[in-house]
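**Q** The opening residue of the sequence shown carries number 41 in the working numbering; numbering runs sequentially from there.
30 Å max Cα-Cα, derived DSSO-like pairs, lysine-lysine:
1) 72 / 44
2) 44 / 58
3) 72 / 58
4) 58 / 46
5) 72 / 108
6) 58 / 108
7) 46 / 72
Beta-carbon label-pair distances, calculated as ranges:
8) 172 / 44: 38 to 48 Å
9) 63 / 171: 20 to 30 Å
10) 167 / 139: 20 to 30 Å
11) 118 / 175: 16 to 26 Å
12) 41 / 170: 36 to 46 Å
13) 51 / 126: 33 to 43 Å
14) 159 / 84: 10 to 20 Å
15) 95 / 66: 16 to 26 Å
These are computed hints drawn from the structure, not numbers from a lab.
No residue lacks a Cβ here, since even glycine has one placed at the ideal position from N, Cα and C.
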Amino acid sequence: MRLKTKYFGEIECREEEKLHFPEGLFGFEEEKEFFLLPFEGGEGSLLCFQSAVTPGLAFVALNPFSLKPDYAPVLTDRELEALGVERSEDLCFYTLCVVRSPVGESTVNLRCPVAVNDRTGQAMQSILEEGGYHMHHLLSEFGRKEEATC
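Input sequences plus hints: build the corresponding full structure.
**A** The following block contains the structure:
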């Protein structure tokens, strides 16, 4: 399918790669379908959640493990069930970013990660109650880390 995007122009996407957010993202509950697209040169850690319906709606995201290798998000039993898994470790996690200039003033939201079941395409944004994570961690808090996996 052809997809008009905020950052990449018009691109070709496969329907089966679409992520389904039954509850939407916080503040954008009406947006239920997104594609996860990599930014060129992002080495797999810098990504974009692009709305499948609204071309101008896209969120910059990072693999949180590339910033904080010991990041350990734990979802509730209800959230795990909704995503079709038994353990948080069976999911891929992404953190949404607010990009500012200079880049060191950009923030990442480690408290409200996006959890994705990459086998089914089911996804949700969660509010972590444990772990001491915040919604506005400065990107400059983190040194460059080794490449991480989901």
